[in-house]
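> Could you build the full structure based on these sequences and the hints that come with them?
Each chain is listed here by its residues.
2 protein chains.
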Amino acid sequence: MANQIFFGSFVHTPALDSIEYLHDTVVAVEAKGTILTVESLPPIGRHNPLAWIRTTLVPSLGWEANTPVTATRPGQFFFPGFIDTHIHASQYPNVGIFGKSTLLDWLNKYTFPLEASLRDLAKARRVYGRCIRKTLSHGTTTAAYYATVDVPATNLLADLCLQAGQRALVGRVCMDQHAFSPDYYRDETPEEAEAATRACMDHIARVDPEHTLLRPVLTPRFAPSCTADLLGRLGRLHKEGNWPIQTHISENRNEIALVKDLFKDIVPPSKGEDDGMPSYAGVYDHFGLLTPQTILAHGVHLTEAEASLIRDRGSKVSHCPCSNSAITSGAARVRWLLDRGIEVGLGTDMSGGYSPSILEAARLASLVSRHVAMGGEDAAKLSVEEVLFLATVGGAHVVGMGDRLGLFRPGMLWDAQLIGLGVVDANGNTGTGAVEDPAVAATAASVASADTDQTLNEDTNVDVFGWETWEDRIAKWLFNGDDRNTKKVWVNGRLVHDRSAPNFGVTPPATETAEKISP
Amino acid sequence: MANQIFFGSFVHTPALDSIEYLHDTVVAVEAKGTILTVESLPPIGRHNPLAWIRTTLVPSLGWEANTPVTATRPGQFFFPGFIDTHIHASQYPNVGIFGKSTLLDWLNKYTFPLEASLRDLAKARRVYGRCIRKTLSHGTTTAAYYATVDVPATNLLADLCLQAGQRALVGRVCMDQHAFSPDYYRDETPEEAEAATRACMDHIARVDPEHTLLRPVLTPRFAPSCTADLLGRLGRLHKEGNWPIQTHISENRNEIALVKDLFKDIVPPSKGEDDGMPSYAGVYDHFGLLTPQTILAHGVHLTEAEASLIRDRGSKVSHCPCSNSAITSGAARVRWLLDRGIEVGLGTDMSGGYSPSILEAARLASLVSRHVAMGGEDAAKLSVEEVLFLATVGGAHVVGMGDRLGLFRPGMLWDAQLIGLGVVDANGNTGTGAVEDPAVAATAASVASADTDQTLNEDTNVDVFGWETWEDRIAKWLFNGDDRNTKKVWVNGRLVHDRSAPNFGVTPPATETAEKISP
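Those protein sequence lines, which keep their order, are chains A and B. The UniProt record's numbering applies: residue 1 is where the first sequence begins, and numbers increase by one. The UniProt record's numbering applies: residue 1 is where the second sequence begins, and numbers increase by one.
Think of the hints as simulated: they come from the structure by calculation, not from any bench. Worth double-checking, as some hints may not be accurate.
Identical copies carry no separate label here, and so any pair may be met within one copy or between two of them.
Claimed, not checked - List of simulated lysine-lysine pairs, DSSO-like, C-alpha gap at most 30 Å:
#, residue 1, residue 2
1, Lys381, Lys100
2, Lys381, Lys109
3, Lys381, Lys239
4, Lys32, Lys260
5, Lys260, Lys109
6, Lys271, Lys100
The structure displayed is predicted, hence computed values, not measured ones.
Shown next as structure tokens:
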């Protein structure tokens, strides 16, 4: 990796309710992927930005004269990479397949059989490989993954993330509660579950000792899947290295009743609950699993007392609107969570959610917040800026990297995407693909200038007419954008997806084409 | 136009709760676009379908030996064209731009200024041209369009639909209520509104006298926009030729209160209403506007008495889930409407809805039905088959063409789309594009057979692994499909969109490139 310069328009969300547009801006990224400087082009450089970068900026940094420069075309912009705070890589082949099920029958009918089948490593490679490539193509630079119970398949997921260059928390699923795990797919004992978890942690320590991309995450599937013994072991394991934890909470009303029933004789009643029973959050807290490193998926039906407890512990919530609507779990009250001081990010929750896209999760977070508002809480509505904040900065905090990810700031990592909306500028430049050198842009613009409306030639679902403000363009991207608008994706400064390259710039795993489909 | 043969897999929804898969099937389409026969390939023809079609079927029809044959590749299928029962072509540039507004402020802030600006015909051509191309690319073969108040711009929309080959109901918007229409955009008098409406009807009669593609539709914007005089005139105009009518009903609670207030001294109290006031449906009925030819958009908050009235009058409802969620109108109870015997189709309602896609409307109809179910009505959930029925057969009934559109049946019109999901078959055939002749398919398959997983090479958001059932594939298409999966689109047997052709097979209007952008 070499040092790099990025130039042009940058858009990010410094706070929940604000979006910042940095135009004519230069971002210098060091070889290790860290942003060194973010600065506005001085007036003296505006006539010929490339010349200024080469003759003034690069020498002042002490970088080589041939440092590569990537510039946005007119209408394009850099945006922070999306962070998927809750995604089951192992369920990826089932996206869209959920019928009319709800959580507990969905698990047994669709989910457990598929997850179990991934102990076939050839199948796991195919599923995980495609999941990583698909989410990268949608701009997901960091994912908090659930794999399966299987150790080799989970390790394979880690290897494939490393190979593809996607930042990931990789979790081996723990589930030893025989009553609620199928006999064909579970940990037989708490001891085995802990040992298998440690094996996956050791693997990640071996393949990525500096944690440049990978971190292990302790993954009790959800309370009903785990014995008290196992939950206690995972709580103690967390303390050993302050490891991240991910699990589900309060997704579905039947699930909540089940948790109370399972733990009522094990966990004391939780403070502030009306029913004299332990709360769902109280169960996790009892076992030391509510920590600042904990990602709680869903949190649809949390009580006030649970929200207070979660806030006090500093745990985070992954909001998964696509899943919550699709499998009829409920409408999570994101504004309510935020107002209580809880940090929130977005998750696709494939395959409870059907979409691999965090942009779609943001879109659906907007819609679901309006369904909450229809219940009478008009303030519940989330704005364009707010859902984009959740998709980036919010997610960064949820995965414990709020100081390194989500913004274009010195010291942050260059995990970013180049977005193009097919904007036609005054010169007829449709802005397909970034240019490596601004000088190229001038040529492209003059070639295209004979035609002032070329959108038919670019394949995008976002239709920009040219008169829109930047705010309008961002709204159009949020509501009609898809992977076609994500032109390039970088993680740690490395280009990991490029729509303009053959095969999208992705080298398929060498063994994949030789493998047979294993149904 | 010549006679044509289509061969392969056909999928449609003969009833609300059923989907039918017709494989190895031949559909013969006459030059005028009508389906002559739908028949299963006999066993004797299966070894070499093309030969059987050419040597047995074509001669038996008395058709020319060189009759063109279009066949699905493995995994592809023909599906009826989508019917958009409620779409404001004039609002297309505003998709995604709605902030936190609700209906009445949204109209004043975003909608009226844009609609008014389309009296600039160069701008109208650009907006309408792109709207038609975009919706065709998403498989919309029929659209019930709202244009604007302006006659020449409305006539231009009709002309452009005819040119592009999209079937359309084209409505000039009537709005003469000065109190609720801006002074810069309205009909000054009821007489002018009626005359302008007649002018647009005359234009359609001139350019498409046989109504092969176009029909005029009487379009009182919604009750608050119209005087009683105008509503009465439109009711009488309907009777002259049994013309279709489209309007809005019961979208938003403030709107309903406004209607009652505006018409309480004009329209008698409606039967069955608790408040002793006219109901929204009662207002339309009073003026003769509730007819079997009437399309009522939204119907979110209808009362039991209104539903009975609508059912008795045979009027239809256009369900617009994207819009209803986006501008916080409410969650329409589709099951409740269907159970009351009301026919329902889907509408994008751009730009209250942000998406040009009826597939997305179907997807969101599924989600919204689950939000209704979360309120306690578990039976409210709509299945995959049900929302696809609404998108096709349901829509056909709503636009008054249930006997000609929505199914692959003799006597129906060939308004259809070819869907490809990037399925990899046993020979490694990824199924990009249909083949005009099955002989070509064999060659393509053998070329591709070296690679059993080519999905990286095809640009699709639907990821099919190969082991899915047809039911699963349809669900995957519904939930992750987009315009990339709509390979070709036909209306009246004419190919009107082709993704594999340069410029998607669409010839841009000759004058477009020469026009300046008028913001």
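> Give a verdict on every hint.
So, going through the hints one by one against the coordinates:
no. : hint            : in the structure
1   : Lys381 x Lys100 : both (27 Å within a copy, 7 Å between copies)
2   : Lys381 x Lys109 : between (34 Å within a copy, 18 Å between copies)
3   : Lys381 x Lys239 : neither (38 Å within a copy, 44 Å between copies)
4   : Lys32 x Lys260  : neither (48 Å within a copy, 66 Å between copies)
5   : Lys260 x Lys109 : within (24 Å within a copy, 49 Å between copies)
6   : Lys271 x Lys100 : neither (36 Å within a copy, 37 Å between copies)
Taken one by one, the earlier hints fail for this structure at numbers 3, 4, 6, listed in ascending order.
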